[in-house]
Every structure is written in structure tokens, then in C-alpha cells.
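Peer 1: Spelled out from the first residue to the last, the chains are:
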Amino acid sequence: GENVEQHPSTLSVQEGDSAVIKCTYSDSASNYFPWYKQELGKGPQLIIDIRSNVGEKKDQRIAVTLNKTAKHFSLHITETQPEDSAVYFCAARLQGGSEKLVFGKGTKLTVNP
Amino acid sequence: NAGVTQTPKFQVLKTGQSMTLQCAQDMNHEYMSWYRQDPGMGLRLIHYSVGAGITDQGEVPNGYNVSRSTTEDFPLRLLSAAPSQTSVYFCASSPVGSGGEQYFGPGTRLTVT
Numbered sequence: 001g002e003n004v005e006q007h008p009s010t011l012s013v014q015e016g017d018s019a020v021i022k023c024t025y026s027d028s029a030s031n032y033f034p035w036y037k038q039e040l041g042k043g044p045q046l047i048i049d050i051r052s053n054v055g056e057k058k059d060q061r062i063a064v065t066l067n068k069t070a071k072h073f074s075l076h077i078t079e080t081q082p083e084d085s086a087v088y089f090c091a092a093r094l095q096g097g098s099e100k101l102v103f104g105k106g107t108k109l110t111v112n113p
Numbered sequence: 114n115a116g117v118t119q120t121p122k123f124q125v126l127k128t129g130q131s132m133t134l135q136c137a138q139d140m141n142h143e144y145m146s147w148y149r150q151d152p153g154m155g156l157r158l159i160h161y162s163v164g165a166g167i168t169d170q171g172e173v174p175n176g177y178n179v180s181r182s183t184t185e186d187f188p189l190r191l192l193s194a195a196p197s198q199t200s201v202y203f204c205a206s207s208p209v210g211s212g213g214e215q216y217f218g219p220g221t222r223l224t225v226t
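Taken in sequence, the protein lines are chains A and B. Take 1 as the starting number for the first sequence in my numbering and just add one per residue. Take 114 as the starting number for the second sequence in my numbering and just add one per residue.
Just chain A, same shape as in the assembly (with noise of 0.2 Å):
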């Protein structure tokens, strides 16, 4: 089945800089890419999303990026500031998945100010 690596586990910026999470995934069949952001004592909340006919998308602050060849797939966040602070989440959707997602272990980011 598919198997999604996220990296790293921990990330602390300085605002206004910029923030990777980068993510590879197993499964060549994989389509569907989210990013997932989890604040303290919430549920995830969908932030981004990337098709595998796509190579790139932003939106404001965020982008996210994906190479089908070498099967990975990143977050960036640029500008960050601290209200950018939480887990985030990737994961990959096998087509023809019903709709069954794969997460990646998550990566918690901090903003000092």
C-alpha cells in the first residue's frame, strides 16, 4: 500500500522567514495531495491541495510543489508569522482510492517572533 515520509518532525523559524516541509509518497498510482494544518486542541483544516497534472500551486503565503518522478511533494510557507504555528500534515490519495487518504507523520511548526 501507499507510504508517505514527511520531514521534518520539528521546524522552528524566526518570522518572516521561510518554512519547507517536504514529503515523498510510494505509490506511483497516487493522484491527490493535501496539506493538512492541525492547531492545538482542533481538527485538521485543509490549507492546500495539488493534483498529480499540476506541478505547482499558491496561494497567498503558500505554495506547494510536486515532482512526480521522484514522488515527492512540498509545503512552503513564506513571510511566516507566529499565527503560521501548528502541525501540518501531508498525505496522498491513491486513484481510484475511495477517497482513503495516507498521512504523513507530521511536522510540527513554531514562529518565534
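Worth flagging that the hints you see were computed from the coordinates, not collected in a lab. Hints may contain errors.
To be verified - Non-contacting residues of chain B with respect to chain A, defined by C-beta distances greater than 10 Å in every case (computed):
(1) 125
(2) 131
(3) 137
(4) 139
(5) 146
(6) 155
(7) 173
(8) 178
(9) 183
(10) 190
(11) 192
(12) 199
(13) 215
(14) 220
(15) 225
(16) 226
Claimed, not checked - Restricting the straight-line Cα-Cα distance to at most 35 Å, the calculated cross-link-like pairs of lysine-lysine (DSBU-like) are:
(17) 71/A to 127/B
(18) 71/A to 57/A
(19) 127/B to 108/A
All of these numbers come straight from a predicted model, not from anything done at the bench. Every residue, glycine too, gets a C-beta built ideally from N, C-alpha and C.
Mind docking chain B on chain A? Use the hints.
Peer 2: Then chain B, alone, in the frame of chain A:
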């Protein structure tokens, strides 16, 4: 819309007790799923359903039962709780064929002593 709701928010059980975690959504989503979240382990799929009357096992189904009698509700049953089931449980839903965005509930924190 209330989105995805879960009850209770917190629960303490003794080993061997049974209980049901409730999950409901008002978005008419066909797909619903249960995850458990443990430190350093990310989100692991327990059971999922693609519609009323249809359920299937995820990655970690042992010790849990589910049923899906209506589109709205997807309860998770622990028949004989064990300390290894201490975790935070999340329910999620999405439309089938939507491309994958899943909406998560706020979670239930379960402690088994």
C-alpha cells in the same frame, strides 16, 4: 451548516468497558471515515464508509466496529476498551468523486485506564 460534529469531546473508560463515539455530518457527504491520532504517528485510518450500508476496514481496524445506517451518521464502537486505544479520534467526511478534500470534526480525546 454545522459541518462534522463529534461527541463526546472527552471520555475516560476503564479497561473492558464499551462505548460509542458519535459522528454526524450535515453536508450530505457519501464518504465518512474514522482516524486515530497518536503522538508521532500521524493520522491512521480505522474504518471508512462510501455510503449508507457500506463500510470497510482501514489500516488499524482491530478492536473497533462501525455501521452506517444513514448518510449523516457514522458511529465508532469500542466493544472492550484497552489501554492501547487511548488516543484522539477524528471523524472526517467528503463527497465521493470530489477530488478528495476531507472535512474533519473537532475530535474526541479518549483515555482508557
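Peer 1: Compare the structure with each hint and give your call.
Peer 2: Right, here's what the structure says about each hint:
1. The claim that residue 125/B lies off the interface holds: its Cβ sits roughly 17 Å from the closest Cβ of chain A, which is beyond the 10 Å cut-off.
2. Distance check for residue 131/B against chain A: the nearest CB is about 25 Å away, which clears 10 Å, and the non-interface claim stands.
3. Distance to chain A confirms residue 137/B as a non-interface residue, since its nearest Cβ pair spans about 14 Å, more than 10 Å.
4. Distance to chain A confirms residue 139/B as a non-interface residue, since its nearest Cβ pair spans about 16 Å, more than 10 Å.
5. A cut-off of 10 Å between C-beta atoms contradicts the statement that residue 146/B is not in contact with chain A; the least separation is 8 Å.
6. A beta-carbon of chain A is positioned within 10 Å of the beta-carbon of residue 155/B; the least distance is around 4 Å.
7. A cut-off of 10 Å between C-beta atoms confirms that residue 173/B is not in contact with chain A; the least separation is 12 Å.
8. At the 10 Å boundary, the C-beta of residue 178/B stays outside the reach of chain A, the nearest C-beta of that chain being 19 Å off.
9. Residue 183/B, annotated as away from the interface, keeps every beta carbon of chain A farther than 10 Å; the closest lies near 18 Å.
10. For residue 190/B, the non-interface assignment is confirmed: its Cβ lies about 21 Å from the closest Cβ of chain A, beyond the 10 Å cut-off.
11. Residue-level check passed: residue 192/B sits 24 Å from the nearest beta carbon of chain A, beyond 10 Å.
12. Residue placement check: residue 199/B keeps its beta carbon more than 10 Å from all beta carbons of chain A (closest about 17 Å).
13. Taking the minimum C-beta to C-beta distance to chain A, about 6 Å, the non-interface status of residue 215/B is violated against the 10 Å cut.
14. Its beta-carbon lying about 5 Å from the closest one in chain A, residue 220/B breaks the requirement of being farther than 10 Å from that chain.
15. Its beta-carbon lying about 20 Å from the closest one in chain A, residue 225/B satisfies the requirement of being farther than 10 Å from that chain.
16. Its beta-carbon lying about 22 Å from the closest one in chain A, residue 226/B satisfies the requirement of being farther than 10 Å from that chain.
17. Note on residue 71/A and residue 127/B: the hinted pairing is violated, with a Cα-Cα distance of about 44 Å set against a maximum of 35 Å.
18. Restraint check: the Cα-Cα separation between residue 71/A and residue 57/A comes to about 16 Å, which is no more than 35 Å; the hinted pair holds.
19. Note on residue 127/B and residue 108/A: the hinted pairing holds, with a Cα-Cα distance of about 32 Å set against a maximum of 35 Å.
In this structure, the earlier hints numbered 5, 6, 13, 14, 17 are contradicted, and the remaining ones agree with it.
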